[in-house]
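Asks: Position chains B, C and D relative to chain A; hints supplied.
Protein chains in written order, with numbering that gives the first Met the number 0: chain A, 0 to 333; chain B, 0 to 333; chain C, 0 to 333; chain D, 0 to 333.
A few of these clues could be false.
Stated by the list, open to error - Non-contacting residues of chain A with respect to chain B, defined by C-beta distances greater than 10 Å in every case (computed):
1) Ala19
2) Asp22
3) Glu87
4) Leu101
5) Pro148
6) Ser206
7) Arg227
Said to hold, decoys possible - So the derived label-pair ranges between C-beta atoms look like this:
8) D:Ala322 to C:Ala19: 52 to 58 Å
9) D:Glu113 to B:Thr121: 23 to 29 Å
10) A:Thr215 to D:Arg79: 54 to 60 Å
11) C:Pro106 to B:Lys159: 53 to 59 Å
12) B:Leu102 to D:Glu48: 39 to 45 Å
13) B:Ser288 to D:Trp305: 35 to 41 Å
14) B:Glu113 to A:Gly162: 27 to 33 Å
No wet-lab data here; the hints were simulated from the structure. For every residue, glycine included, the Cβ atom is placed at its ideal position computed from N, Cα and C.
4 protein chains.
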Amino acid sequence: MRFFSDNAAAVCPEAMAAIATADGLDTAYDGDRLSRRLSEAFSELFGTEVAALWVATGTAANSLALAALCPPHGAIVCHRDAHIQNDECGAPEFYTHGAKLLLAEGPGAKLTPEAVTALLATVRDDVHQVQPAALSITNATEYGLVYTPEETAALGELCKAKGLGFHVDGARFANAAARIGCHPADLTWKAGVDALSFGFVKNGGMSAEALVFFRTELAAATLYRRKRAGHLLSKGRYMAAQILAMLDGDVWLRNARAANDAAARLAAAAGADRLVLPVEANEVFVRVSPGEAAALRAQGFDFYDWGPGEARLVTSWDSDGAAVDRLAAAIAAL
Amino acid sequence: MRFFSDNAAAVCPEAMAAIATADGLDTAYDGDRLSRRLSEAFSELFGTEVAALWVATGTAANSLALAALCPPHGAIVCHRDAHIQNDECGAPEFYTHGAKLLLAEGPGAKLTPEAVTALLATVRDDVHQVQPAALSITNATEYGLVYTPEETAALGELCKAKGLGFHVDGARFANAAARIGCHPADLTWKAGVDALSFGFVKNGGMSAEALVFFRTELAAATLYRRKRAGHLLSKGRYMAAQILAMLDGDVWLRNARAANDAAARLAAAAGADRLVLPVEANEVFVRVSPGEAAALRAQGFDFYDWGPGEARLVTSWDSDGAAVDRLAAAIAAL
Amino acid sequence: MRFFSDNAAAVCPEAMAAIATADGLDTAYDGDRLSRRLSEAFSELFGTEVAALWVATGTAANSLALAALCPPHGAIVCHRDAHIQNDECGAPEFYTHGAKLLLAEGPGAKLTPEAVTALLATVRDDVHQVQPAALSITNATEYGLVYTPEETAALGELCKAKGLGFHVDGARFANAAARIGCHPADLTWKAGVDALSFGFVKNGGMSAEALVFFRTELAAATLYRRKRAGHLLSKGRYMAAQILAMLDGDVWLRNARAANDAAARLAAAAGADRLVLPVEANEVFVRVSPGEAAALRAQGFDFYDWGPGEARLVTSWDSDGAAVDRLAAAIAAL
Amino acid sequence: MRFFSDNAAAVCPEAMAAIATADGLDTAYDGDRLSRRLSEAFSELFGTEVAALWVATGTAANSLALAALCPPHGAIVCHRDAHIQNDECGAPEFYTHGAKLLLAEGPGAKLTPEAVTALLATVRDDVHQVQPAALSITNATEYGLVYTPEETAALGELCKAKGLGFHVDGARFANAAARIGCHPADLTWKAGVDALSFGFVKNGGMSAEALVFFRTELAAATLYRRKRAGHLLSKGRYMAAQILAMLDGDVWLRNARAANDAAARLAAAAGADRLVLPVEANEVFVRVSPGEAAALRAQGFDFYDWGPGEARLVTSWDSDGAAVDRLAAAIAAL
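Just chain A, with the same shape it has in the complex:
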């Protein structure tokens, strides 16, 4: 009974079926009929014209987005706990050719305009320091918190005022959108977002994420950067197929809701005292003593410790209902 990462979940049937039916001779790279539908499909979803491309990982999506927004001699503001800072082995530095990440603070890996403003104030406006060129937030955050449209828009306004590009790492964008129930536009371009890494893999895809540019002119150079990074797959139709299948009929939302619901059940079972943070998406951070953690593991539950006395439980689109019930009961019984 695995709760250690949504990365480990299975591929959802819709995506798998689309991969199978994508087979058959078509043009290579992203010239096929499926890949060519991607921008249109996301434009429809977001209700505005966007440029969208597939890549194989969220790391690549994030890094390509950041390279589009920040020069090598610039800086990217993000949270100290951001995935781009801690879990991508310096991919943003690689793709931007050495831009610097400036780290802001905030509970639950969530940034506020105040925190960003305070960080920006530490940078002198001279050639001896890299100048901030972009802000990157993660929604839902690495700690399972969700930015509302209003919170996102407040950051978007700050970006506009300061001349920063605005990127959202949406590895769990679906979980955020499902939680809030708003139109995806409200969490993105209407809130000033320039580029979104729209995650599908954690949510039931196999190997395709979408990089969505709301400033469509950013896509042109990105196509070269994607190829140059070895991310223009020969048989792109299998990439596009996954994404299109999960957009179709809002599978992406349905999957995310399932994961969020499972997390909510765990949270309810844990109770407020055990929760390190509110549970707003599909991650549950609970206070457990080493003995309690061992007891849970002895019952067959697999999860990561997350700092001393804390554990991270991650649910996914295919979290087994019975397993969730059993874990909920086990936590309640601690």
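Replies: Okay, now just chains B, C and D, sitting in the frame of chain A:
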């Protein structure tokens, strides 16, 4: 009836089946049970201990290999017509942080020790010039020629004498091995090769290529470079599954033979006078006038022009027998 | 009466005279008779065999040293207030091709083994994070503190234990050595230092800093990196001349002592209550109200504010004695 | 009697005097009163508003210019024998983060619109190839030939038509301008040039070259790149002083004329049959047998062999008249 690229071929049934059965909860990235079998499987195939990892494209495999062999202030010797020079949008320069490609000459994109030696002789041994650190050849070449074990070994000896790392771009390594019928070791480590980009996608895979290091110590830093490049997929088991399925029962060789055979039939139909180069793998370069090319296209055959008065016909593992027959007949009838 | 930076000081007579006498036809780059003496001169100074090369700036010296010690996918541990982090516009990231700086804490920009160990403990040993490869300290620090031989050696031992290269940014190494009065070896190779940026410009030079490798094998690739960075000046003899002239007869120590002495006089005048930090080299950080700062400026003293309620006063080899006396009196009179 | 490189010449008295008088306390970096005059001085010289900055080497000037004109995924067209290709250890690749140099042909390292057009025609307009973004020529060329204003303008028009930035490596721009006798504007902005590396070091300077942007908006990011490359010297006034002194009273032209005249005398002595190329600047390429070369060296003349049966003789602003006469006589007597 498409003969423009083996990139456009379908996924072979063995790979597709393996993808389906790879499903189910397992560890993320390359910690899963399939990915962990990769080095062993290739060690068995090559008859020596190797370190193997999957990546999503040949461009990534090539660039990671070159980054392992050449410092930023070094140079890579390759053929003027090499894929790494002409078709990867500068990926080798990106991954090596700016190494220079030095271009040697030779018919059919094939290098000889003499050509490489002549090129090396133009480089002064001083800090004002980047110093050659690696040789990269393509087998089968971009023009469908094949390096024999002896030819490869001669280059390998030169590399050893000159202190160069030796990389083989094997996007069509299967076609070369199938053609020659030798043990894969004879085309690689026994011939002094340090790193091989072992192609599966053109040969029936979906999205996985293997990077095989015969100098296993090169893999350690490469694992970081792969992650840093966004090429460590979350659900790596779907990558490993394709490769393992195609190694199993020598599907990779059977597929390559099918492609080679189809090319041979086209070559026979074309006749020596029409052939620009001998047909040794799955690419056929034929002399056709613009009118003849138009006539073939009018009959439903799709292919690329390749310079004035020449066309490139590429066969693949799933080339339709009837279509090949029809094209052979059409060429013969020109 | 300027106290804002030792960067603004004049060129000392010995260096200027050496530049004049370096004139005359000689070989270009670093093949001339002066440049070829550099390694020998520093080997003599340090009492061990070193490889030394000139570069035009401390930023270049630091970045070349770090590039020699850290791969692109590695990390460099330094203080949050380090020059390499805050004042070089990302030069370390440029030269290392995107290595990450990990920031440790400590008063006065000074690091301890405990602080470094605590930072290292936050890094997971997996491919998702850049792995620490080097430690860089500044002696004297950006806040005018000095590492003793013992303190340096303790960090050197930690580096050895953790497999980190050890770099010292010695933009004010002369001031540190003059303060301590030890043999320069005790602050460098005997304490485990691998590479030293040995500053001359702040100390009376015109345009030459020395990069000294105590692990001489690091110099070979650095020569290529220096050329590649455009730092191999055509007429290198004018660079070497400055450095050799300042090594000769220990001008470098004499100059540093003069600067340190001037700072000590200011410190004594300020008194312990006004001093933000002990004054150990040629920088004095004093608590002054905005009104007091304005009063000093009205008397003709030029200096930088350094955070709210603080000012930085920097002395140099040529600090005018009368001006120092007047500033000392003015501070005492506040 | 050295004729191997103008890099080895002495510093001219005007530059040396300016260095001496630049001494004295002033602001650091490029904020001093001399550095701040640079753009104005070059604007006056060129008769249009330019942005000019000093750097320590021609390699840095060239690379910064190219980085301003070409993205990492772009390409720079230059001659196969260009200094940026052969003598800078990959500095353009370093500064541009891996752009590719595309090599065109032409006698005497000189490019024509036809040669450039032919090269451009080989590049496919798709993401698999780096797209040309800039043209770089050297005037005077590496083989001592000079582009006329008309020839330069023809290339400038091609650049405009093709959307390429236009850079001139003017390590010997003074020699070219002196030869032609035109206004410097005619060889630069009036001919469509965007950026000029204006050499002073070979022409009597000590350590300062000027990078002149005719599209002034290119300077802003370049200031960051210069700092980031470690090329923002602390005591910039000594850099600016050299350049301003050589602009003042057209010392730069006078020095170049002296070098050109000396070369012309050698050329006349050699006679047309011995000359490999016309002598238009300060480099003389002569056909000499190994025995003849040895004979010249036995008489005390120092120079480089330049391919089999050829030698390169370089004169400089301070070429000794008597030595030139003796070499001329010695060549004539061969």
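Asks: Which hint numbers does the structure go against, in order from smallest to largest?
Replies: 1, 2, 3, 6, 7, 8, 10, 13, 14
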